[in-house]
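Asks: Chains as they are written, first to last, in my numbering: chain H, 21 to 344; chain W, 814 to 997.
Rather than coming from a laboratory, the hints here were simulated on the basis of the structure. If you're wondering where the values come from, they're calculated on a predicted model, not measured in any experiment. Be aware that a few hints might be false.
To be verified - 20 Å max Cα-Cα, derived EDC-like pairs, lysine to aspartate or glutamate: (1) H:K64 to H:D33; (2) H:K94 to H:E57; (3) H:K184 to H:E236; (4) H:K65 to W:E985; (5) H:K65 to W:D890; (6) H:K56 to W:E904; (7) H:K279 to H:D243; (8) H:K56 to H:D175; (9) H:K94 to W:D889; (10) H:K72 to H:E124; (11) H:K65 to W:E839; (12) H:K64 to W:D936; (13) H:K64 to H:E53; (14) H:K65 to H:E90; (15) H:K184 to H:E230; (16) H:K65 to W:E876; (17) H:K72 to W:D890; (18) H:K184 to H:D243; (19) H:K64 to W:E904; (20) H:K56 to W:D936; (21) H:K94 to H:D129; (22) H:K32 to H:D129; (23) H:K72 to W:D889; (24) H:K279 to H:D304; (25) H:K65 to H:E80; (26) H:K94 to W:D848; (27) H:K279 to H:E240.
Said to hold, decoys possible - Which chain W residues face chain H? A few, computed with CB under 10 Å, are given here: (28) F891; (29) V899; (30) I900; (31) Q902; (32) T903; (33) E904; (34) I905; (35) N908; (36) D936; (37) F937; (38) E985.
A virtual CB, placed ideally from N, CA and C, is assigned to each residue, including glycine.
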Amino acid sequence: MNQPRPEVALGKDLVGLEGLSRETITGILDTAEPFKEISERAIKKVPVLRGKTIVNLFFEPSTRTRISFEFAEKRLGADTVNISSSGSSVMKGETLVDTARNLEAMRIDMVVIRHASSGAARFLADRIPSNVINGGDGQHEHPTQALLDMLTLRDRLGRIEGLKVCIVGDIVHSRVARSNIFGLRALGAEVAVCGPRSLIPYGIEELGVETFYHIEDAIEWADALNILRLQLERMQTGFIPSLREYNRVFGVTRARLEKAPRDTVILHPGPMNRGVEIDSAVADGPQSVILPQVTNGVAVRMAVLYLLAGGVFGGAEAAKQESA
Amino acid sequence: MSIPGTTTLLLDEPGVERTLVRLAGEILNGGVSSDLMLVGIHRRGAELATRLADLISEGAGSEIPTGSLDITLYRDDFDQIGPRPVIGQTEIPGNITGLRVVVVDDVLYTGRTVRAALNELADFGRPRRIELCVLVDRGGRELPIQADHVGVAVEVADGERVEVRVPELDGELSVMLVTSAENE
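Given these sequences and hints, build the entire structure.
Replies: Encoded structure:
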């Protein structure tokens, strides 16, 4: 019964899925499983992070991700503080590092950061002793989103290995696409991207993905479509002629989905532009797992917080033996 | 005591089975009605609870609801002992408020696991009564906790470990006394 204990596979921070092994990613997903049940309890709270202070540092607007992290933190018993760029000293010109150092001076334990600049999470993680979790940085990564996407896919289809997953839409601006590509590839899925040429980055095939320029071809090929939000706020410079045309050419509609050779699973990280990248009939249809994604988001974030705080996965009963 | 690095058999399979039958009888004598629930502590306690529930169900002629509890997230030493085991599933079948709940574990030692289990149960509701049933009480308590139903009580030194083996996890049903080699 003296199984060797595995190394703590998550280090101090979770900045991205790039470079994480299959074992590490599977370990996070497996750790998320028992956390699902806590959110179904009458008292949705366990004391494992009691006394830890977590700062949610959101320099970009976010509703779903911030609330999901906050629920995860609170259900583990941590104390949380939310800081958004409007109405804080960030508006007065304070640098990221100064903001973080001031928070450190108030003795915090973890930071969840969302920032418009790619690399902001890594930058911060290298400069403060607290655990740092990337809640989305520029066009770089959004690791917890990809983890919850993979957990939801695994729930629905029973596995990730060998699945064909196509990410549809605005790939060039998407940190969700990058994190999904790294994570899915590590777990042995086949990954493709689909969108207009102006929204597919040059050299994407170096990440080991296929490319489709017609949504019909993607639907024909894929077991699951992860439909990204058309980021209207990043569309000032004419990447697409118009939203109507985008919907006509790339929108995932019921008529298109009915031609699929299988029951294609539909994911969307939200918030949705109904009638642009996805039609309501698809978003609310039986193949959609968009709301289970949101539920799983809390469990995945609980798992990441737990693991960074010192938990480890894959071990056996060793710890219990010590103090049964 | 025993020689370092050795494993001594405390109870063989018929021995464990006899003990479980006696424990089931004890729990039955406490009065079985519709309000009894067994809750095993993950993982060997949960396996033992399933066995006990089968025995009690036979005697009582009705199905005894059985749950399992993983206490990892309620431990009092999360910051101190580093790597934590994988968390198991907690499954409490229905509302425990007003019930007689019997918590089942394999070995009772410091009492800290039981303390954690009591705290976790309190987050699920308010049972009428909670009892503790263990297969082995090895002494060495660090908290004021005792069991209501004890299979066997053995005095075990600090460097030794009592190991309960169940078929589902270990391929056999037995209780072993293990003396670690490095503890000479």
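Asks: Hints broken by the structure, by number, lowest first?
Replies: Violated hints (numbers, rising): 1, 4, 11, 16, 25, 26, 38; every other hint is consistent with the structure.
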